[in-house]
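Novice: The primary structure of each chain is shown beneath.
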Amino acid sequence: MSIAEKFDSMNYGPAPESCEAALQWIAARQGKFDHFIDGDWTKPQSKKWFESRNPATGEPLAKIAAGNTKDVDAAVAAARKAQKGWSALGGPARARFLYALARAIQRNARLLAVLETLDNGKPVRETRDIDIPLVARHFYHHAGWAQLQEQEFAEFEPMGVIGQIIPWNFPLLMLAWKIASAIAAGNTVILKPAEYTSLTALCFAEICKDVGLPAGVVNIVTGDGKTGEALVKHPDIDKIAFTGSTDVGRRIRSVTAGSGKHLTLELGGKSPFIVFEDADLDSAVEGVVDAIWFNQGQVCCAGSRLLLQEGIAERMIAKLQKRMETLRVGDPLDKSIDMGAIVDPVQLETITSLVGKGAEEGGIVWQPECKLPTAGCFYPPTLISNVAPAATVAQAEIFGPVIVSMTFRTPDEAVAIANNTRYGLAASVWSENINLALDIAPKLDCGVVWINSTNQFDAACGFGGNRESGYGREGGHEGMMEVLKPNFLSKLQLSKDAEKTPERKSASTSSLAHVDRTAKLYIGGKQARPDSGYSLPVFSAKGEKIGDVGDGNRKDVRNAVEAARKATGWTKASSHNRAQVLYYLAENLDIRKAEFAERLRQTTGVSAKKAVDEVEATIQRLFSYGAWTDKYESAVHSPPMRGVTLAMKEPIGTIGMVCPDESPLLSMISLAAPALAMGNRIVLIASERHPLSATDFYQVLETSDVPAGAFNIITGPRDSLTKTLAEHDDVKSVWYFGPQTGGKLVEAASTGNMKRTWVNNGRARNWFDVTQGEGREFLRQATQIKNIWIPYGD
Amino acid sequence: MASISPLKPAPEGHARNPGMPLDLDALDRIRVNLSAVERRAATLGGRRTVKKETQAAWLLKAVTCIDLTTLSGDDTAGRVKRLCAKARQPVRADLLDAMGMGDRRITTGAVCVYHSMVETAVEALKGTNIPVAAVSTGFPAGLSPFDLRVKEIEASVAAGAEEIDIVITRGHVLTGNWQALYDEVKTFRAASGDAHMKAILGTGDIVTLRNVAKASMVAMMAGADFIKTSTGKESVNATLPVTLVMVRMIREYLEMTGHKVGYKPAGGISTAKDVLAYQIMMKEELGHDWLQSDLFRIGASSLLGDIERQLEHFVTGRYSADFRHPMA
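Chains as they are written, first to last, in the UniProt record's numbering: chain X, 1 to 794; chain C, 1 to 328.
These aren't lab readings, by the way, just hints derived from the structure by calculation. A few of these clues could be false.
[What the hints assert, rightly or not] Taking lysine-lysine and the BS3-like style, the derived pairs with C-alpha atoms no more than 25 Å apart in a straight line are:
{"#": "1", "chain 1": "C", "residue 1": "K51", "chain 2": "X", "residue 2": "K371"}
{"#": "2", "chain 1": "X", "residue 1": "K526", "chain 2": "X", "residue 2": "K542"}
{"#": "3", "chain 1": "X", "residue 1": "K209", "chain 2": "X", "residue 2": "K47"}
{"#": "4", "chain 1": "X", "residue 1": "K371", "chain 2": "C", "residue 2": "K52"}
{"#": "5", "chain 1": "X", "residue 1": "K443", "chain 2": "X", "residue 2": "K649"}
{"#": "6", "chain 1": "X", "residue 1": "K32", "chain 2": "X", "residue 2": "K209"}
Make the full structure from the sequences, and use the hints.
Specialist: Spelled out as C-alpha cells, the structure:
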C-alpha cells in the first residue's frame, strides 16, 4: 500500500516485534530441552519429549522433556541436598543471588518477553510492559526480604523443599511469584511449569546457571499433570505451592491431606467488576478492557462479572460496545494488538461452548465486527448482557475474553451479587464517592479489591483469594509467611497415642454433695440439649464418673454454624468493644479460679498447683488477646503508583476449632481467644476426654457479655463432629489440634468449599509456653489479608 | 444575548456546531477519575504504534493539522511572512516526491497569529486554502474589558481571519460560574460569524480534570467549533491526560447532540513521537474523522522541524539534521 493510500485511510499498519532472537535461542539448543536438575541439564528418564506449540500459528516451537516420577525423585533429592547449605548461607548472601537474578532478567527482558509471547500467545505488549517488569520487580523485592530475614523473621526458619506447580497464563510471572519468595527465605524448589508454556522457565534455568546460583536451589522439571502429581505425592517435600484451576487444587488438597505438607493454593475466580452510578464511566470502560481483555481473559483474577447500577447500565453497555469495536485481535507479536491467541484449542472449545450456553440461557451475546486471523487459536472479545446470577455463565469461570453483565439497584445488592459466587479472588469497585468505595471494599469476600482500577500487581502487596479461589498469599510480608515456619515447630514431639483410659468406676453414690448439673451444648448463646437426646459420661483422672456431657451430633454442628453465621454483630463490633469482652471473660474466670482449678485437678489429675497455674495462664491469655485486639493492625503499602494499598487484616468468618486434650482449659482459650479477638465467630469442639472445663465455661460466657452465637461449644465424639465441621460449606476455616489422623481427616474433608485448615500434624504444643501457645501465629491464622488498592489524586 | 450565526458548511462536510442551551444536569453528571485517566493516557502509547510507511503517512497527516504559530512580542511582518511561506511548503518537495505525495499539495492546517498580523498573513497566504487563525479576546489572559474582547474578534474577522482562537475567563471555571462561561463563549461565537471559533480553556490554569471536562462541555454547548487546551503561555500546556478528558467530552457531546466538535492541543508538542501519541489517541477515542484537519489541529511551532527530520530519515535511511530543512 502506498503512502498516499495510507495517508487517506489512516489505518494502523503492521508493527511486528521480531522473534528472530528468540527463535535463534531455541535453535541454538537444537529445539530440545531437558530438565534442569541439580544445576545441570538432565535428560528425562522416560527418554520422551513432547511438543510445545505457538498457539498463534499452531507451529511447533520446541521439544520439552516429559518428566516422570524418577525425574521428580532426582529433582527432590537435589533440592533436599542443597537446602541446608542454601539456608546456611544467610540472608545477605542469598540477597546477592536474588539481586543478580533480577538484574539478569532485566538484561534478558526482550528475549523473555518474545519467548513468552511465542509460547503463550499473549500480546508482546503485555509481556514487555507488564509480565517481565513485574518478574524483575518480584526478584528485587525478595532480594530485600532475604537481606532482612535475620532481623525481620528471627523466630522463623525456611520450610525446606518446596514443590511448585504453575499455570500457563503468566508462565514467567507465576514462576517469579513462586520462586523468589521461596529461595529468598532459604528454601529450595522444584518447579513444574505448565506443559503448554515451559520455555521461559527453561530460559530462567539458564539464567540461574549464569548467575551461579548453587546447584539444586532451583530445579525445573517439565511435563504434564502426571509430572505434577508425582511432585505433589513426593514424601520428601515440605510444601506444595500451586496456581491453577480449582479442580486441580482440590485434588492436590485431597492427595496431600495428612502428609504434613504445607499448602498454598491460588485458584480460579469469577471476580466482580462493580460500576456505581457515580463512576467515571469512560474510565470504567477502560477498566473493563484491562479486566477481561487482558491476556485474552485468561486471568484468574479477571473481572468477568460486570455489575452495573441500573441507572447507568444502558449507557455503560453502549459505551463498552463502542469501545469493543476498536479492540484489535491478531498476531500477538504485533505491537498494536490488544488480544492475541487463546493458549490451546482445548481452551478455545471450552470458551465457545460456554458462550453458547450463555446464549441458550437467555443472555444477549455481543461481539464486535472484528477480524480474526484465519490460522491459530483466536476468540473475539465478547459481552453477554442480560445475565442473571442463576445463569451458568454468571457462575462458571470461563477463562476467556468473555464478560457477563448484570444490574443492581443498591450498594447492598451490589455486594450481595458480588459475593454470590463460590470464588473470592478479586473485585473492582468504581465510584467517585470515596465513602461508598471504602464501604464496599471490606464487604466483598475476596483477597484483592481494586478501587477505580483493576489488575494491579506489585511484589510488596500480597495476592491471593478466599473461598474456592484458594488460600495463602503471594507477595509482601504475608507471602514470606507462607514459605517460613516458626522455629519451634520442628522440635515438637509427636504426641503419644492416647493414654489408656483408666478403669472406669461409677461415682460413689453415698450422698449427693451438689445439685445435679447436666452439661448441655452451648449454641447461639444458650445452653441447648443435644439433638441426639443422649449424653456421654465423663470420667475423672482416676477413672471415676464425674458427670455427663451432651452427645453432640451433625445437627448440633449445623445449628452451631448457623448461630455463628448470624452473629455478625461480633465481627462488626469495634476492636475496643471486643477487647472489653475478652477482659470481662478474664475477670469472670478469675472469680471462679478455684472452681476451675479444682476441675482441672479432678479431670486431668494434675497437682493443685499446676491446676492453678493453668487457670492463671488462661486468664493471662485472655488478657493478652484483649490487648492484641486493637494492636494486630493492618498495614499500608506504597506500591509504585500515586495511592496506597491497604493490607487489611480481616476476620475469616466462622472458624471451627477442635481442641486438644492437653491442658484443656488453657488450650481451649488459646485457640478461642485469638479468633474472637480478631472478630471471628467460632464453633468449638471441646476436648473429648476433658470436656468439663469447656462446659463449666458456659457460665463465664453467659456473664461476660459475649454476644449470642459468637462462641459456640459442642461436646461429643471428636472425630465425627470434626468431620461434619470440616465438611461444612459455611465454615471458612478449621483449626485442629489432636492426633495426626484427625488432621488428615480435616484436610481431606476441607475440599468441599476449599476452606482453610490449620492442623497440628499430631504434634503437641506446650500451651504454657508463650512462644508456642500465644501471639502472632494465632492471630495470623485468625485473619486473612485483603489488599485494597486505592489510587488517589484529583 | 447574541444569537448563533447562520451555519456555513464546513469544507469537509460536517455541519458546524450550533450549540445548545446550557444543560447544568449534564454538567452534574460529569465524573473524571484522575488516576484512571492517567493510566489510560500512559498505556495507550504501548498499545498502538505506527511504523515505517504508515508512520510517514501519519506524520504527513499531522503536518496538515498543524496550526503553524507565532505569538511573540517580537513578531514582525517579516517574521510572519516567513512563517506563511513555510506553511505553504512545510515539507521539502523532494521528500514529498520520494514518498509519492508530491501532488497532494501538503500544507499546514492554518497559520496562527495575533490580530495585528492577520492582514499580513492573509496577504502572504493568498492563492492557498490555508486559513489564518487569530488569537483573540485579550489573549492570553482574556481579562481585558468584555466589549473590547468582542470587538477584537470582529476586527480580526474583518481583517480576513477565518478562524478565531478565543480564550475563556478561567475565573468562571474556578468559581463554577457556568452560566457566565456559557454566555461569554456564546457571545464570542456570535461575534465570530462565519469564522470558526476555537475555545481555549487554559487547562493549566483550571487545573483539575473535572474543571477541564466541565469547561469543555460548556464551551461546546455555547457553540465552540473546536476546543483547545491552552494558550501555550501557561506553565502546563497540552498533555495526554487533559486530551483524553477533552476528547471524551467531545464524544459525549456528539452523543448528546449529533454534532462534531474539533480538538486542538497546543503547547508542548514538539516531537514526531509526541504527535503520533496524540493522533493515536484521537483515532482510538474519536475515530478516523478526528485525524483530519477540519476536526484536529495542533498548535505548535517547533514540531514541524522534527517531523521533517523524521520524514527525511524515512526517505533516506539516514538520520537528518535541522539545517537541511528550510526554516520558517
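Novice: Given the proposed pairing of K32/X with K209/X, does the C-alpha separation stay at or below 25 Å?
Specialist: holds, 18 Å
Novice: K526/X and K542/X: Cα distance at most 25 Å?
Specialist: violated, 31 Å
Novice: Are the Cα atoms of K371/X and K52/C separated by 25 Å or less?
Specialist: holds, 23 Å
Novice: Taking only the CA atoms, is the gap from K51/C to K371/X under or equal to 25 Å?
Specialist: Given that 25 Å is the threshold and the Cα spacing comes to 21 Å, the pair holds.
Novice: With a cut-off of 25 Å on the C-alpha distance, tell me whether K443/X and K649/X pass.
Specialist: Cα-Cα ~13 Å, so holds.
Novice: Is K209/X close enough to K47/X, meaning Cα to Cα at most 25 Å?
Specialist: At roughly 23 Å apart (the allowed maximum being 25 Å), K47/X and K209/X satisfy the hint.
The structure shown violates just one earlier hint, number 2.
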